[in-house]
Amino acid sequence: MSETLIRLYRNFFFRKILRVAVTVFIVSTLTFFIVRLMPGNPIDIYISSLMSTQGMSYQEARQMALAMFSIDLDAPLHLQYIQYLSNLIRGDLGVSITSTGTPVAKMIAEFLPWTLFSVSLSLFASFGIGVALGMVMAYRRGGIFDTILTGICTIMSAIPNYIVGILVIVFIGIQWNLYPLETMRGTYTSTITPGFTIEFIVDVFKHVLWPFITYVVCTFGGWALSMRANTISTLGEDYITVAKAKGLKESRITFSYVGRNAILPLFTSLTISFGFIFGGSLLIENIFVYKGIGWLLWSAINERDYPTMQGVFLIMTTAVVLSVTIADVLYGLIDPRVRRGE
Amino acid sequence: MRPILSIKGLSVEYLSPRGRVKAVRNVNLEVYKGEILFLVGESGAGKSTLGLTLLKLLPEGIAKVVGGEVIYHRDDGGNLNILKLRKGRLRRFRWKEVAMVFQGAMNSLNPIMKIKDQMYDVIKDHGVRLSKREAYKKIEELLAMVRLDAKRVLKSYPHQLSGGMKQRVMIAMSLLLDPKLLILDEPTTALDVLTQKNIMNVLKDIRDKLHLTMIFITHDLSLAAELADRIAIMYAGSIVEVGSVEQIFYRPKHPYTHGLLKSVPKLTSEIGKLESIPGFPPDMINLPPGCKFHPRCVFRRDICMEKEPFLQKVEENHYTACWRWRDIFGEE
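These protein sequences, in sequence, are chains U and F. Everything in the first sequence is counted per the working numbering, starting at 367 for the first residue and increasing by one. Everything in the second sequence is counted per the working numbering, starting at 2 for the first residue and increasing by one.
FYI, nobody ran anything at the bench for these hints, they're computed from the structure. Be careful, since some hints might not be right.
Straight-line Cα separation of at most 35 Å, DSBU-like style, residue types lysine-lysine; simulated pairs [to be verified]:
hint	chain 1	residue 1	chain 2	residue 2
1	F	K117	U	K382
2	F	K9	F	K314
3	F	K125	U	K615
Which residues of chain F face chain U? A few of them, derived with a C-beta cut under 8 Å, are [stated by the list, open to error]:
hint	residue
4	W96
5	K97
6	L110
7	P112
8	Y158
Where is the CB? At the ideal position from N, CA and C, for every residue including glycine.
Start from the sequences and build out the full structure, keeping to the hints where you can.
Below you can see the structure in the form of structure tokens.
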């Protein structure tokens, strides 16, 4: 029996999965308590919003709120925690407090695809543009193209994405009126019924355009600068001189010898970035009212919707931890030097 | 004898923040078909720079050919000015006519490609008309010639091979297109003594089987005794003496060569009899006037400090760049 356990523990993949499970458990426990340490609870927030919007007295508002939310926030914390865990094990993320009766899992399923779509699109574009630019910059290092672009990339990767987002809305949307504001903001036009129709797909792309541009503009610089540095160091390797001496075609040297070696370290960052997709670009989604998981999290935080917050955080941590693990395994596949036991 | 390569008045400089590094200075040298020429000198003497120039591989923007030319004499009688070759023609010239084995055995191979694919890339990019099976047959033959187990090596990645194996892979790869001239730039330097011996034996095999012309660059004069037909001694960027193995080893006519020979241990020499050349190699940016060796030379006179000597004929095929060789060593 114990021998089987030891053999199981020695298994590479089992150990990786075990590590993922433990990390996710610890993080979800922490979020459970941290979320409840935030000032105010969902009922208080709802009461104050009723008081300010409907002009109710505190007593009236409180009674209405209690009737709305069938939760007992006065139960001892440890009992709530045990309840949360036992639900979680059964795959039940709970029910939203503020959107009464909607299961958290259903909300995530509704919002997550939009984030996955928009951010992975942006991530691929940004990575592609960055890698291509980085290589060109490295090949022309010291030249005017390289000097200007290095400057631009440094500035771009230093500007926070919400500032670019706000500038886009203020200038492109309002001041210069270059793009209709109602298309710039939102996920899709509500009058079009969702489905696999050309009209809907075009509409979706029109809406994703500016969040996409904002994301790409703020991130391609980082990829480009890393790729530039990697390419320059690869160009200095002996095997590149040898490849030239061998009379290989320039395109082959650029792609198979320089490119492939220079891009290797970036794959780890790319895979890890995929994990962070699930967190969405919280601020970008808010500015553009793009209803993805980041937007959901934002509104859940504002309303102190504990189960929704916990659910989103759980998805996010799982994704990040998984992607780090996948990056680890994947690197072994693409770089023969770290491949295990041959 | 017909030359395969003529180096005429070649000078190469590196641009450095401190000034111009005169790495190769006015080198004149003929390489004859079928011979093994050793280029011997201390590190920094410009041997490797000279080697890289022969394939036009100098790092662009940093190194500059400031004078001279390198003429490659093709089998069909045509001449190629290597330094004037551009893109496509240069690419097809490299490895097909002149191949090179480099110093860094550890880093000469692309770390993320199997040996098989790196070998095949050469055949593919040079448009050699061989079917895949014929190509691999040729590759396997060459690997056998360098005493490697083709089955194992071909499917390996570079990190799975030892330094000596990698260097032998590089030697096999250099022979893939049947080049007429092979440049070996310190091919054994990074390897241990036994592996060195191994590589030297492999090179002897190649000499006996293929009769190709080789330029062997090294700082180790004792290797020349094993393999060389002719030796050119380099000092401070120029050739100070050139001659056959016998001439250089038994009748050196330059104080520097003489010093080098005395610093090589022999089986018969007594303990403690090894001598070294006093002083240090010169600063290649601010070279001394006159003979570049004069600050370290015990035979120097006024003329050595004023005028740089040129190569003078000592006997058939033997030249030395010393003003006083007659006084020091006497006529033959």
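Verification of the supplied hints:
no. : hint               : in the structure
1   : F/K117 with U/K382 : holds, 33 Å
2   : F/K9 with F/K314   : holds, 17 Å
3   : F/K125 with U/K615 : holds, 9 Å
4   : W96                : holds, 4 Å
5   : K97                : holds, 7 Å
6   : L110               : holds, 6 Å
7   : P112               : holds, 6 Å
8   : Y158               : holds, 4 Å
Going through the hint list in order, the structure satisfies each hint without exception.
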